[in-house]
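A.B. asks: Protein sequences, first through last, are from chains G and Y. Mapping of the first sequence onto this note's numbering: position 45 corresponds to residue 45, and the numbering continues sequentially without gaps. Mapping of the second sequence onto this note's numbering: position 92 corresponds to residue 92, and the numbering continues sequentially without gaps.
If you are wondering where the hints come from, they were derived from the structure by calculation, not from laboratory data. Accuracy of the hints is not assured; some may be wrong.
Said to hold, decoys possible - In silico lysine-lysine, DSS-like type, Cα no more than 25 Å apart, as pairs: (1) G/K111 to G/K19; (2) G/K159 to Y/K132; (3) G/K159 to G/K219; (4) G/K159 to G/K134; (5) G/K219 to Y/K122; (6) G/K219 to G/K132; (7) Y/K122 to Y/K132; (8) G/K159 to G/K132; (9) G/K111 to Y/K122.
Small disclaimer: the values here were computed from a predicted structure and weren't measured.
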Amino acid sequence: MLTKRIIPCFDVEGGRVVKGISFVELRDAGDPVELASIYEEQGADELVFLDITASSDDRQTVYDMVAQVADQVFIPFTVGGGVRSADDVRLLLELGADKVSLNTAAIDDPKVISACAERFGSQNIVVAIDAKGKPDGTWEVYTHGGRRPVGLDAVEWAKRIVEIGAGELLLTSMDADGHQTGYDLPLTRAVSEAVPVPVIASGGCGEPSHMVDAIIEGKADAVLAASIFHFGTYSIRATKQELAAAGIPVRL
Amino acid sequence: MAAKRVLVLDYGGGNLRSVARAVEHVGFQPEVTADPRALDSADAAIMPGVGAAADTMRHLRESGLVEPLRKYIQAGRPFLGVCMGMQALLSVSEEGGEHACLDIVPGRVRRLERESADGDLKVPHMGWNSVKQIRPHPVFADIPDESYFYFVHSYYPELEDESLVVGRTEYGVPFASVIARNGLVATQFHPEKSGQVGLQLYRNFLTACCG
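Bound conformation, chain G alone:
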């Protein structure tokens, strides 16, 4: 049976993991390879690296990191952040990323998604959607870490980008993100039911039961979390055991 995926997410700046990892004795808490290997061993199903390097002309650091991770990690990983063009995507895939996530570039020019899907296959193309609730119960797409609304309905945008080639969606609730009080279940469910491709729920996870809710009520195919793993509140294995106890198929 296909299992639900548990995906730790790392923020990366200048090729280094930032926003500290504190659950284990590390030789180097910023080393992406060491961290990725630890999570692989703990049973992570995939990894996501989000490049938050402010300067867009400093891409080489992320390229170097991708090559290092690809050489030593044998589970799939996605790279996002600052990906502007089909050539950026090609380079990241060649260096060994399994999937590449686009966000702002897709909003600026949706044709970049269809171009990437045609060249590399939909299965390698993830589109990240950052959404915030509106008073009428719908959700609007935002960029720039939730600061800039772009005037698109999140569910309609999701449908459109899947039609033109997105193979997976990384859906972040900007309302829930950082609060650790649970994923935005209505948003997750609305998007997951609207599209035929897998949806990764993101934003708001504070404990494993939130993942159970995102999967059962939110119909998510995968759940992403950062701080609950990085601060050692829960190990990936313990998290998966809780999900299994709730009847969710996981790889243990």
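Given chain G's structure and the hints, the job is docking chain Y onto it.
C.D. replies: Just chain Y now, kept in the frame of chain G:
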């Protein structure tokens, strides 16, 4: 003893780097090449693959690999096909119309259906799914039955000769996730992305032919 020649076929598609690293990791020296003549003296050949069937076949033709590969595999020499590298072995793929493939393994590559008895399924089939070992095979050495492997695909192989199936997976339909015959092994999943069990599969395949 001379180093064994383990080819990773570079025909313009596929995650070569991950496959080459997996080969290295289990103690062999990968040789990434698109040269059909390299097959003559190869001890093993691995064909990775992502992308669409039509593109894969076009790249194989342009690289001049079609006939050499047919001869190599039909001679029973060690070959591992991964994902599209498995699907390309069949007769015909329905991906993006009807495309003739290598026709080494009789059968069709068909699209996964979204509708299933358990409700709508997401396509692509993406993530970790279990592989039921239908019959014993050296490639499964030290890999527990029903182990999880990483899949990413929207099409699946439907074989005419079920006796080739050594591993089976369910996603709406049961399909052949591992096939084997003589020197040929092929997997629908990506062993190079399947953690320790995936590396063990590479180790098993390479030890059997190059050990």
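A.B. asks: Output the numbers, in ascending order, of every earlier hint that fails for this structure.
C.D. replies: 1, 2
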